[in-house]
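> Those protein sequences? They're chains A and B, same order as listed. Residues 1 to 398 in my numbering are what the first sequence lists, from first letter to last. Residues 1 to 398 in my numbering are what the second sequence lists, from first letter to last.
You may find that some hints are simply not true.
To be verified - Distance ranges between label pairs, derived from CB positions:
no.: 1; chain 1: A; residue 1: E382; chain 2: B; residue 2: L383; range: 18 to 28 Å
no.: 2; chain 1: A; residue 1: E320; chain 2: B; residue 2: E155; range: 50 to 60 Å
no.: 3; chain 1: A; residue 1: Y198; chain 2: B; residue 2: P92; range: 46 to 56 Å
no.: 4; chain 1: B; residue 1: N313; chain 2: A; residue 2: L8; range: 28 to 38 Å
no.: 5; chain 1: A; residue 1: T121; chain 2: B; residue 2: P92; range: 53 to 63 Å
no.: 6; chain 1: B; residue 1: K327; chain 2: A; residue 2: N200; range: 24 to 34 Å
no.: 7; chain 1: A; residue 1: N313; chain 2: B; residue 2: I305; range: 32 to 42 Å
no.: 8; chain 1: B; residue 1: F315; chain 2: A; residue 2: M317; range: 48 to 58 Å
no.: 9; chain 1: A; residue 1: E193; chain 2: B; residue 2: E156; range: 52 to 62 Å
no.: 10; chain 1: B; residue 1: D348; chain 2: A; residue 2: D23; range: 24 to 34 Å
no.: 11; chain 1: A; residue 1: Y185; chain 2: B; residue 2: S356; range: 29 to 39 Å
no.: 12; chain 1: B; residue 1: F315; chain 2: A; residue 2: N385; range: 27 to 37 Å
no.: 13; chain 1: A; residue 1: K127; chain 2: B; residue 2: I305; range: 36 to 46 Å
no.: 14; chain 1: A; residue 1: E35; chain 2: B; residue 2: K162; range: 53 to 63 Å
Said to hold, decoys possible - Covered by chain A, according to a simulated footprint, are these stretches of chain B (three or more residues, beta-carbon under 8 Å):
no.: 15; region: 101-115
no.: 16; region: 235-244
no.: 17; region: 261-269
no.: 18; region: 288-297
no.: 19; region: 376-385
Rather than coming from a laboratory, the hints here were simulated on the basis of the structure. Every residue gets a Cβ at the ideal spot worked out from N, C-alpha and C, and that includes glycine.
Protein chains: 2
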Amino acid sequence: MEKEASKLMTKMEMIHYIIENFDFFENKENLICEEIGDGNINYVFRVKDINSKKSLVVKQADVLLRSSGRPLDIYRSKIEAEVLKLENVLSPGSVPEVFHYDEEKSLIIMEDISDYKNLRTELLNGKTYNHLSDSLADFLGKTLIPMTDLVISREEKKKNAKKFTNPELCDITEDLVLTEPYYNYKNRNIISEGLEDYVNESLYENDGLHLEVLKLKDKYQNYSQTLIHGDLHLGSIFVNENGIKVIDPEFGFYGPMAYDIGNVWGNLFFPLAHHLVVKGDENYVSSLKNLITETIDKTIKMLEISFDENVKNKFLMNQEFKEYYLKEIISDSFGYSGTEIIRRVVGDSKVIEVSSVEDSKQRKNLDKLLIDMGIKLILNRELLNQGQDVIEVFESLA
Amino acid sequence: MEKEASKLMTKMEMIHYIIENFDFFENKENLICEEIGDGNINYVFRVKDINSKKSLVVKQADVLLRSSGRPLDIYRSKIEAEVLKLENVLSPGSVPEVFHYDEEKSLIIMEDISDYKNLRTELLNGKTYNHLSDSLADFLGKTLIPMTDLVISREEKKKNAKKFTNPELCDITEDLVLTEPYYNYKNRNIISEGLEDYVNESLYENDGLHLEVLKLKDKYQNYSQTLIHGDLHLGSIFVNENGIKVIDPEFGFYGPMAYDIGNVWGNLFFPLAHHLVVKGDENYVSSLKNLITETIDKTIKMLEISFDENVKNKFLMNQEFKEYYLKEIISDSFGYSGTEIIRRVVGDSKVIEVSSVEDSKQRKNLDKLLIDMGIKLILNRELLNQGQDVIEVFESLA
């Protein structure tokens, strides 16, 4: 990557920039700018008219990571803006609307979604949203199949794949998700005390598991099936009574759609395992099991509906091919659920459902349950067909 | 594609260009330029010093196809030059050396390989080359595995895949090879008289075959495994007693290596079927069967050697993964052998071994034998493991 100068703006510069370039606020005298980002990568601000309460969000990417100062390809900002725009066409309202993108400044000006709450926090806190399985399935069904070359032209797909080439961010996933939990070559894993031998045996020295992870890794790296979000964990999904808003697609690229699906499915096991092991709330555990079953089953249904609605080429409208194609996606989705679960337990990007557990015995039980679940999902992915199958696996381990 | 003006040069301009830009010829007074290309796409000239006999070849691509005047992405010329340069590093001497590439003029100046003869013509004429199976296996083994992200860095691979994005030429293959022989939607197929019903039943209305072709098509379109030649039929391979020279990689892109391998293997069935059905020369038929068996077996061996020599990442050096990875390549190679055989019989780009047969009964037998062989290769590709397996299939049909 070439070295580029930082173009970060101050809050005052943000306000001036918006006043000068953008016709969103009627009254320009009462604007305030507050930083709302708590991420470790980018800078996020809310600009608000204190009288009218109208607001928008400004996200600026820098050439250096906010947390570590390490350089990271600034092109991720353009990818994020473009993916958001495309997803808002494919699944209107499911992502923040992008009002304006300034490529030169790597600045996205978009809808303020502060009416929505972080889904990870909500589920950790025992909240329930009746629409959730429908909303998640709907987003996956509407955004994934339509960007494949079963639907758009082969030429357009190839141009998309070229435009969304995202080597530096993919590299992070290829290491943190699909390599290091099994081959700790950068020595970045953090294993709970007392689980070292277990991790050694079940993850580091498990050749049969490595084989299956390597197949999933090869597909992530080489199968340019469709435009995916690339980082669809629960912290990238915001929710309220009306629906969801999916944010932060800066890891977007042309890859296997199962990676997005698997991330959503897999992440739902963190609140489930947490509430089971730590809080012991039977009712909420049962409601999360339902959420998982329904999310999986509705996603599968939505994928088929999306295939039927969008694939109109007669040669491709082959019943057996459709079944083969969807079955591959479903199996791989279970596989990527497994790799996501495992990396969030043993890798250095842990989820709060895991890292917040202070009791060391509970933590050990939680970690082991999740690792076991991840392994089963990876190894048995071709035998799993529906939500209930997965819950049965979980119950056999819990 | 944007419209571009033609930059085609006359023979005199070629000579002047070479004198002015290039220090190849010592004596510049005795140069002659003759057109040697008989292709329907590009313009190829030989520039020669009539005293010293030194010579080189100049290949110029135009924005319009030579034959039809249809536009075709001129970027193919850059791809051809870059692939030739890379292949000459990976497998030195197996392609014409590129002396100079002029991107602005889409002009490749390269080694003159007139000491070598077209392999398709040579095999049709009953010629034998003892090194041939070794040379073909060697080229495939040395050029394919080393450009995967098992060997080069993931970042370099993704940058390569982006650079070698080749939508217009891939589109030709996707239609002519992987669609139209089964779904004649452009009405370009040319079926021998008397075979219409057979083609209808066995190719156009064969859902089980369509399923398998659609899997191979999906992989061709989406699996960006390695840099492939993309058009490795016998007419792209030149041969003499010393070895082979592989030319014309303008269809190059990041795709499944099985496509290249399958093209080489599949094309060898044209001389075999031709000599069996038309000429009835038992000795040469037997020698071609040996050639096929040995080419397949040596290719498989070379792929494994190449994997062992080049894949040095410890996580990837997993014996079961290697076996899985190579088995997939071998199965798919048989599949793409089948699609290549079929498209050259029913499509409009027929091979001379087929189109030269004037006796209508012989032609019908030849066509049917090849179509049957192609279907078996596609449907049974996962059951085939070595050259002898394929010859047995052929003998059961012939």
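> Does each hint fit the structure? Answer for all of them.
How the hints compare with the structure:
1. A:E382 with B:L383: 18 to 28 Å: holds (20 Å)
2. A:E320 with B:E155: 50 to 60 Å: violated (38 Å)
3. A:Y198 with B:P92: 46 to 56 Å: holds (50 Å)
4. B:N313 with A:L8: 28 to 38 Å: The hint (28 to 38 Å, Cβ to Cβ) holds, given that B:N313 and A:L8 are roughly 37 Å apart.
5. A:T121 with B:P92: 53 to 63 Å: Taking Cβ atoms as reference, A:T121 and B:P92 lie about 60 Å apart, which means the hint holds.
6. B:K327 with A:N200: 24 to 34 Å: holds (30 Å)
7. A:N313 with B:I305: 32 to 42 Å: Holds - the Cβ-Cβ distance for A:N313 and B:I305, about 41 Å, lies within 32 to 42 Å.
8. B:F315 with A:M317: 48 to 58 Å: Given a distance of about 40 Å, which is not inside 48 to 58 Å, the answer is violated.
9. A:E193 with B:E156: 52 to 62 Å: violated (39 Å)
10. B:D348 with A:D23: 24 to 34 Å: Given range 24 to 34 Å: violated, Cβ gap about 56 Å.
11. A:Y185 with B:S356: 29 to 39 Å: violated (58 Å)
12. B:F315 with A:N385: 27 to 37 Å: holds (30 Å)
13. A:K127 with B:I305: 36 to 46 Å: violated (58 Å)
14. A:E35 with B:K162: 53 to 63 Å: With Cβ atoms ~35 Å apart, the hint is violated.
15. 101-115: Contact hint for the region 101-115 of chain B vs chain A: violated, 0 residues under 8 Å.
16. 235-244: With 0 residues in contact (Cβ-Cβ under 8 Å with chain A), the coverage given for the region 235-244 of chain B is violated.
17. 261-269: The restraint on the region 261-269 of chain B is violated, since only 0 of its residues have a Cβ under 8 Å from chain A and three are required.
18. 288-297: violated (count 0)
19. 376-385: It is violated: at least three residues are needed, and the region 376-385 of chain B offers just 0 whose Cβ sits closer than 8 Å to chain A.
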